[in-house]
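K.L.:
Chains as they are written, first to last, in our numbering: chain Z, 1 to 790; chain P, 1 to 163; chain D, 1 to 285.
A couple of the hints might just be wrong.
[Claimed, not checked] Simulated restraints on C-beta separations:
1) Z/P148 <-> D/P250: 52 to 58 Å
2) D/L37 <-> Z/V204: 37 to 43 Å
3) P/E13 <-> Z/G29: 39 to 45 Å
4) D/K285 <-> P/G32: 23 to 29 Å
5) Z/E154 <-> D/P250: 47 to 53 Å
6) Z/R134 <-> D/Q215: 28 to 34 Å
7) P/G9 <-> Z/I506: 43 to 49 Å
[As the list claims (entries may be wrong)] Some chain D residues flagged as far from chain P (calculated, every beta-carbon gap over 10 Å):
8) G44
9) G53
10) D58
11) P205
12) E212
13) G225
[Unchecked claim] Below, a sample of chain P positions facing chain Z; criterion: calculated Cβ distance under 10 Å:
14) K37
15) E41
16) D81
17) L149
18) C155
19) S159
These are computed hints drawn from the structure, not numbers from a lab. Idealized CB from N, CA, C, for every residue including glycine.
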Amino acid sequence: MSARNSSTRTIRGEKNLQEITTAHPDGIGGSPLRPDGTLKVKGEFAYSSDLWHEDMLWGMALRSPHSHAKILSIDTTEALTQPGVYAVLTHEDIPGSKYYGLEIQDQPALAFGKVRYHGEAVAIVAADHPETARRALAKIKVEYEVLPPITTEEQCLDPETHGYVHEPHEYRGHASGNIVHSQKVVSGLGVNEDVRAMADVVVVGEYEVGMQDQAFLGPESGLAVPAEDGGIDLYIATQWLHVDREQVAPVLGLPENKVRLTLAGVGGAFGGREDLSMQIHACLLAQRTGKPVKIVYSREESFFGHVHRHPAKMRYEHGATRDGKLVYMDARIVLDGGAYASASPAVVGNASSLSVGPYEIPNVNVLAIALYSNNPSCGAMRGFGAVQACFAYETQLDRLAAKLGMDPVELRQLNAVSQGSHLPTGQVIDAPAPVAELLQKVKDLPLPPALDTTHLDIRELPGALSNTSHGEGIVRGVGYAVGLKNVGFSEGFDDYSTARVRLEVIGGEPVAMVHTAMAEVGQGGVTVHGQIARTELGVERVTIHPANTEVGSAGSTSASRQTYMTGGAVKLAAEAVRNELFNLGRSRYGWTYNDLSLIGGKVVSASAGVLISMVDLLGDQAIDLTREHHHRPTVPFDKETGQGFGHVQYTFCAHRAVVDVDVELGLVKVVELAAAQDVGKALNPLSVIGQIQGGSTQGLGLAVMEEIITRDGKVRNPSFTDYLIPTILDTPPQPVEILELADPNAPYGLRGVGEAPTLSSTPAIVSAIRAATGLALNRVPVRPEHITGT
Amino acid sequence: MRVTFNANGRPVEADDVWEGESLLFMLRERLGLPGSKNACEQGECGSCTVYLDGAPVCSCLVAAGQVQDREVRTVEGLADDESGLDPVQQAFIDAGAVQCGFCTPGLLVQTHDLLEREPQPSDSDIREALSGNLCRCTGYEKIMDAVRLASARKCSDASEVSQ
Amino acid sequence: MLPASLDEAVTALAASPAAVPVAGGTDLMGAVNAGLLRPMALIGLGRINELRGWQYQDGTAQLGAGLTHARMGRPDFAALMPALAEAARSAGPPQVRNAGTLGGNIVTADPAGDTLPVLAALEATVTLVGPEGGREVPVSHLLTGLDPMRGGELLGYVRVPLLHAPQVFLKATGRTGPSRAAASVALVLDPARRAVRCAVGAVAPVPLRPLEAEQWVSGCIDWDGDRAIDPAAAAAFGEYVAAACVPEPPQADPEGLEGGPAAAAVRLRRTVSVLARRALGRALK
């Protein structure tokens, strides 16, 4: 591996902000090592919080202690006089637009008039040391008039009595009342008394999903460097550089071309970096002071600094015939979007359109809404909308199976969608949909051995080293679930990606350089880009250019879309480079072959054999081409019926969970979590399995421990001491079965991988706990008191 | 105050250190050693794990002044020579245990210590030893694989040497 | 300041009374990083070798305040003071146990401090050393504030009786990996005095001793035989301990308040009852 100097701006020689070149024979389907792996294990990979610049200042935000209050005054005088303090800014100092937002521009960059959630940023400080900044924040005087917070569904839906989170005249998008967005889906006959009469068996349930946090380990952070042209260079950990820029530039009062973003190392994302956090604040402070400004959130601030998974309250009703065929489903899904819109409209779109799960149901009636409230803002988190619905419909299917006296897996298989099935949106699944097969795969795996009480290792029991159980009170259970997720941005959004590929001879070898704005957040996109370039261009050496806004947008690293979309763009650009190379040969040597390919650094004709080496053909010429990849178009869902070709691709994962439950204390240890997923084509099998195991583990967290607790809109547990995520002792062996049934519409037939495993993991685990305890358990996370009944 | 100590085999010193500053901050911001990570600064995540006089500790919970005259070894000092990698580092790459990589430096130090103490740990030993290192990306399975791989490689290297 | 002996440390503290003594630093730096504490000066105790070990002394063990949790979790320590070893081994992640000390656990006096109920059940005493010399104080008097630390004093040693009988520590938490106790129970048998001693941690600001329950259950045990106990008596003991240590729940929670104080108290009683029953069962196994 080598790090080559390039024209890319770096700060103190951070190696991942330069080009990284690796040589490897493996194209797609292999598992070559990550190009950034060596830097990461040596501690040399520069995450956004690691950046350092001479003369740099530290930025910090003052946040609201109230969930709902009027701001009567802000006095920064004393803070400004502190030695070492360079700037104290409020909304009055914003040179451009005061609002930003991912889908709806409803969020103030710094609060004015009102604060709408606990932790909303009110003022920002730049100082020479974080401790100086902290002390300066304490000197800012903000006078609040505390207002009663609007936090419950009942309060939100009765604005006449409880008021508005945003005044109606401020509404943007489709908001009305305290509802940010709503979507209906009606198919077949809908659900009415006649339809209900067709069912022999009905189950009705109410379900709740708590507010989960992405809990990525790398805190929100970045470095804003003022440039000589009056612009700003921002080094940042994000999921989508270009949409950050679109939101930042107007607030700074700068044209977009004067705000240049480069991706710094990203310590995980999971949706939590789709929205802006400290980007605008660092830029404003850099603009004001003329000095580089770094902001790094503490873990506590991180809990306030990004949006969370929407908590949901859901009412589901399923009707089926005596032999288990589903007749109808009626669902109402209420998502709490918190103070600002963030991704709420898209979350509603997914929750409603995917609300039935991977089942054929002839008659469907669904309403999904997201509320504005004074709770923390909620937005994107892995599998959004679909995760909440999956917990509800899979619980319903278990209950229906119990009521019918059927095996829960067989009931699912009986009703499972397959290629050609109609979803309630009217969309036909036009690619393989092996739902029944995936369930069978996890069911057929051997079960882990029973708890061995004669050779106890307490580290394998619930509580482990807490000595909680030596086998006392332990009951085992097994549960299954399967889910339905879309890939890519939906509802008519032209979700394109751009890639630039350059082929040239360096050091006597052909080298492909791949340049995109894709946010590598850990998923391994950079590895896959190299594999695609190798496959298409027959080279071994690939250089990954740092991601930045010098190239066109790569869209977001979310919605399981990056390998499909930006991987697809790299494929297109590499193919174009290849064609250009062939044309070079044709014009120079008069080739007429139509059977050319690039193999092992050579141009090969299937009929005539090796024609020339790429080194000789290229000489000192470089081929440098940029291509955009657009997925097939989709359309918005009809507002009243939800009908429409709304999603690009569907993806499916099934889980079997085995749990040991300490029924006396309510602690759960997942013993094994098996998954089976159709990935279309595993471009990098090692990474695919890593995605499935990681996604499943986040689902495990939601099943048994993870929840942001609020009271009157105030967050009670903003720390890793009180917001628990799974440790290695909480996480079991996870066998993974991969299916590769190609999707004819996707590059290489691949299917987005990242999110599907997060859906079904949660209901499978809760189903296993139900099997162990016989309890209903209609809420996640399942807390000890739900199991002990007190 | 001024703090002088040994970092990765080299004497270092930091000036104007605030009494409440952590070893982690001093390493990252004053000594150009940002390999140890700052994910929680409450001792819950293990991302900042470093050796202090041979024992792995959370550097966020060590006051800078406490390390006066002591020996600190960070992820940047794990590999024996400039070009190579420690077997634990190599195993983490090979096994796919690195995704975002933010937890990796802490896990490497903690795993390195485990294999020094117990060259052939059981799965439960591994889970106990790494129970203070949160990882949000991998679901830990590839990390288990990496530790087993590093253990196997170290043991086979050792047996080759002894033969 | 990095004194090399306890005497030097006492002198240093006398010279700068505003300085904060720091041993492992795990509690102190957590508070500093959270912005709750802004120390102007620190006195590092990590260099004081005499505080980092332990030794026998007249049927007791004298433990240096600087003993780390990792050290206390080792087999040689566990053979003599099993409950203290179990508490030490469960007291947080390995990295924190490598640094955090017994003395720090006592001085911080976090309600969920894992060694505290064990020390209370063992009726341990602590040696406080100040400018006027040392004095011995029962750990419970120190924790309850009956006999608090005085200005200029440092915690030097902890004296623990060696009972040569089963001892148990266990706790209920929110996950299987290291985490804070929702409730913990330490239970020790003292065959010489034919006594069971028990302390409940994390349910109140200090560990609580259910003295009547201890006395009652001590009378249920066949001390000269196999020390067996009727399962019903063990269950009753659990209930007894829980009733003694968790205040009676209010009649009902205010309407609409999910998980209010009544529900929380019922839950805590149940947890403590199960922990105490299991502790007794294991000690008498």
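K.L.:
All the hints need checking, so say for each whether the structure fits it.
P.N.:
Comparing the hints with the structure gives:
One distance hint, 52 to 58 Å for the beta-carbon pair Z/P148 and D/P250, is violated here, with the actual separation near 26 Å. Separated by about 53 Å at the C-beta atoms, D/L37 and Z/V204 break the suggested range of 37 to 43 Å. At roughly 52 Å, the beta-carbon separation of P/E13 and Z/G29 lies outside the given 39 to 45 Å, and the hint is violated. Distance hint check: the CB atoms of D/K285 and P/G32 are about 56 Å apart, inconsistent with the given range 23 to 29 Å.
A beta carbon spacing of about 25 Å between Z/E154 and D/P250 contradicts the range 47 to 53 Å that was offered as a hint. For the hinted restraint 28 to 34 Å between Z/R134 and D/Q215, the CB-CB distance of approximately 52 Å leaves it violated. Taking 43 to 49 Å as the suggested C-beta distance range, the pair P/G9 and Z/I506 does not conform, at roughly 36 Å. With a least beta-carbon separation of about 5 Å from chain P, D/G44 fails to lie farther than 10 Å from that chain, contradicting its non-interface assignment.
Against chain P, the non-interface label of D/G53 holds: every CB pair exceeds 10 Å, the least being about 16 Å. Distance check for D/D58 against chain P: the nearest CB is about 32 Å away, which clears 10 Å, and the non-interface claim stands. Distance check for D/P205 against chain P: the nearest CB is about 21 Å away, which clears 10 Å, and the non-interface claim stands. Under the 10 Å C-beta cut-off, the non-interface status given to D/E212 relative to chain P holds; the minimum distance is some 38 Å.
Distance to chain P confirms D/G225 as a non-interface residue, since its nearest Cβ pair spans about 36 Å, more than 10 Å. With its C-beta approaching chain Z no nearer than about 7 Å, P/K37 sits inside the 10 Å limit, and its interface hint holds. The interface hint given for P/E41 holds, since its Cβ lies 6 Å from the closest Cβ of chain Z, which is under the 10 Å cut-off. Of the supplied interface hints, the one on P/D81 is violated, with its beta-carbon coming no nearer than about 12 Å to a beta-carbon of chain Z, more than 10 Å.
Annotation: P/L149 was flagged as interfacial toward chain Z, and the flag is violated, the nearest CB pair being 13 Å apart, outside 10 Å. Taking 10 Å as the C-beta cut-off, the interface hint given for P/C155 is violated, the closest approach to chain Z being about 20 Å. Nearest Cβ of chain Z to the Cβ of P/S159: about 25 Å, over the 10 Å cut. The hint is violated.
Checked against the numbered hints above, the structure violates hints 1, 2, 3, 4, 5, 6, 7, 8, 16, 17, 18 and 19; every other hint is satisfied.
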